[in-house]
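A.B. asks: I would like the entire structure built from these sequences, with the hints used as guidance.
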Amino acid sequence: MATATTELADRALGAASIAAPAQKSHLTRSRVRAAWLFLAPMLILLAMVAGWPLFRTIWFSFTDANLSDLSSAKFIGFENYLAYNDGEWYGVLADGEWWNAVWNTLKFSVVSVTIETILGLIVALVLNASFPGRSLVRAAVLIPWAIPTIVSAKMWSWMMHDQFGILNHMLLGVGLISAPLAWTASPDLAMTAVIMVDVWKTTPFMALLILAALQMLPTDCYEAARVDGIHPVRVFFKVTLPLIRPALMVAVIFRLLDALRIFDLIYVLTSNSKDTMSMSVYARQQLVDFQSVGYGSAASTLLFLTVGLCVVLYITFGRVRFDGR
Amino acid sequence: MMHSTVPAFILGALMAVSFAASAVELTISCGAVGQERALCEQATAAWAKQTGHKVTVTIPSDRTNERYFQYLVDLGAGDSRTDIYQIDVIWPRLLAKHFVDLKPYIPPEEIQRHFPSIVTNNTVDGRLVGMPWFTDAGMLYYRKDLLEKYGLPVPQDWSELADTALYIQLQERKASGSGDLWGYVFQGAPYEGLSCNALEWIASYGGGTVIGADGAITLDNPLVVMALARAASWIGTVAPPRVLSFNEEDARQTFQLGNAVFMRNWIYAWALVNGQGSPVAGKVGVAPLPRGGMKGMSASTLGGWQLAVSKYSKNPAVAAELVRYLTGEAVQKQRALIGSYAPTLMQLYDDPELAATQPIFSSLRPILDNAVARPATRTGDSYMAVTTHFWEVVHAVLGGRGSAITNLSGLQEQLRLLKTRGNW
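Just so you know, the sequences run in chain order A and B. In case it helps, my numbering puts the first sequence at residues 1 to 325. In case it helps, my numbering puts the second sequence at residues 1 to 424.
These aren't lab readings, by the way, just hints derived from the structure by calculation. Positions of the beta carbon are idealized from the N, C-alpha and C atoms, including for glycine. Among these hints, one or two may not hold up.
DSSO-like mimics (lysine-lysine), calculated; alpha carbons at most 27 Å apart, straight line [what the hints assert, rightly or not]:
1) B:144 / B:103
2) B:283 / B:144
3) B:103 / B:333
4) B:333 / B:97
5) B:311 / A:74
6) B:174 / B:283
7) B:144 / A:74
8) B:49 / A:74
9) B:149 / B:333
Computed, partial: chain B to chain A, Cβ under 10 Å [unchecked claim]:
10) 72
11) 75
12) 95
13) 242
14) 382
15) 396
16) 399
17) 403
18) 410
19) 418
Beyond 10 Å from chain B on every Cβ pair, some chain A residues (computed) [stated by the list, open to error]:
20) 54
21) 67
22) 125
23) 242
24) 286
25) 312
C.D. replies: Shown next, in the form of structure tokens:
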């Protein structure tokens, strides 16, 4: 959410600064002043709720702050990130568990966002067709997205309970498995379980964004295709997909941003388990369970940089444009 | 401004003094494992009646590490709602700065009557931050009746325990046709209790205490691997797979229902398993934990709880009075008689009434004197990270997620990072 608002602010600022040097008439200057005036409350608010915590986290990452007494934090430079002492490396970047968390997060993000995009596209295409009760189905599809993550995660953790869970009960009932599966506890299944729940929860979001793009498509291309007798699958790949690509790319980036900082779902389903620990879960464990605010902040800062890097790479190589041109 | 605030301040101070002299409301956070809650409520009610003050008892989480975090959050925020905290033997150093020094409130001759080792543990930089309330150590509980029935002795080492447990488990299951009986239960959930159990296994084989007295990591030896591999072999054979989610009370309830031959638990379980309404009352014996192999020794992890007065309390003097009362002879004896909570006052171990009512106390002194301390004092602020990594790795080994050797080398690396960072 914060990212979205920042983008808005950037665009508004961009517009203001482009306008400024062009003409320096009295009117323009007063317009620029007015623009700044209107923007000021939001900028101040953003600086307070997003800028200040970010700055503080980055600052703490260079100190040895401890949760039980933040006031006695001392500056220690890059020691929390990487340092060398007596022939041994230490710091977040030397910690195997951190890299495990990075790998888990990337795996989770790529797999879940891919599945969500494909499923979301299918759902959107279905909902785009006109059939009786369409608006009802459209609303119903949104339910998983509307349930708070904590609630749905807790719900799924009960459904996936190894002894009393309905999922095992059903699978045993139809004979697909012979013994109950420990969905969230077994190292082989835990990540699959997490991805499954995330797909269930966020496919509606993807579907909705794609549906919005589908609704704006011009009908003349389709009429032309129909007149020429083109096969619908070909129409989809040659007409629909290229036309909705900009919207699709934006939807994917929103999901990617969200997936890279995944915390609540994993924490509720599998707690601090190494098999599914994401970067956020790692940072929280250091910050809260181990009270190492400095070290945990270093992990948070690295998470921030990793997300930033992923987004820059995605925008560069995916040639994403936000202005809709 | 100055003129008006000074008299107001004096007036306020006077009111505070007169208020303190009259009834005061105190809040104490007591544990609720076993009979702790009832005993705490009784004792504080008796004191309240005696003094005219009012005491509220609040109950934190049963799991030590979760309770630690609850306390840390409250104390870190300078919360004045709780005046007295019941703190674990491993916490005094971690939380010292949030507690008042009790020395000015409690006469030295009273402090000297407690075990000196615990008083030393609770003294941080010359400040006594907690009064010893009860001490604890891991014990082996066994079913006297079942051992007698099969003519088997109390096991002296871990392999004998596993053999005896398996034998009785198989025989009894065959006889009853039910699979409810298991050989051995302990605390296997991933939390501080598992760290205590695992420390006992490792120390009993002579494999050290994870972190040595000099701060060195002592995991890189075959005895540690042996101890953990042995414990892992129990799961699903003599110990139920669900032991991996057991805390103290889960183990006690299983044993008390007659569904286990052996149990590792703290001393408090004695009064409950032998108490009214317990299906196994009178059939239970207690012994030191088994040795680790032929050349090993019996090792019990030192536990126990203290009472500390919060620095943020509005009435520290009255709160210290209550602490003095609760840790005094009358209350400690009462708690030992009814709940078998081991006193920290040395003279109570020679008390004839206590020895007659709770025979467990007559054999307890040598176990308590030799109990193994967790490496909390050595690791300072890093203890929570050390113990979390330790119990996670032990839990993984028990649950068959990777071998003992690979898991331990991962733990070794984590502890090395913590050691370098924490400078211990």
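A.B. asks: With reference to the structure, classify each hint as holding or not holding.
C.D. replies: To see whether the hints hold, each was checked on the structure:
1. B:144 / B:103: Given pair residue 144 (chain B), residue 103 (chain B) is violated - Cα atoms ~45 Å apart, limit 27 Å.
2. B:283 / B:144: Holds, at roughly 5 Å.
3. B:103 / B:333: Holds: residue 103 (chain B) and residue 333 (chain B) sit about 23 Å apart, inside 27 Å.
4. B:333 / B:97: violated (31 Å)
5. B:311 / A:74: OK: residue 311 (chain B) and residue 74 (chain A) at ~24 Å, within 27 Å.
6. B:174 / B:283: holds (21 Å)
7. B:144 / A:74: violated (58 Å)
8. B:49 / A:74: Violated: residue 49 (chain B) and residue 74 (chain A) sit about 49 Å apart, past 27 Å.
9. B:149 / B:333: violated (35 Å)
10. 72: holds (6 Å)
11. 75: holds (8 Å)
12. 95: holds (7 Å)
13. 242: holds (9 Å)
14. 382: OK, holds: residue 382 (chain B) within 10 Å of chain A, min 7 Å.
15. 396: Hint holds; residue 396 (chain B) Cβ to chain A Cβ min 8 Å, cut 10 Å.
16. 399: Check passed: Cβ of residue 399 (chain B) comes within 8 Å of chain A, closer than 10 Å.
17. 403: Since the shortest Cβ distance to chain A is 13 Å, the answer is violated.
18. 410: This interface hint holds because 7 Å falls under the 10 Å limit.
19. 418: Where the cut-off is 10 Å and the nearest Cβ of chain A is about 9 Å from residue 418 (chain B), the hint holds.
20. 54: holds (22 Å)
21. 67: Since the minimum Cβ distance to chain B is about 7 Å, residue 67 (chain A) lies within 10 Å and the statement is violated.
22. 125: Residue 125 (chain A) is indeed farther than 10 Å from all Cβ atoms of chain B, at 42 Å.
23. 242: holds (47 Å)
24. 286: The claim breaks: residue 286 (chain A) does not keep its Cβ more than 10 Å from every Cβ of chain B (closest is about 8 Å).
25. 312: Fine: 30 Å to the nearest Cβ keeps residue 312 (chain A) off the interface.
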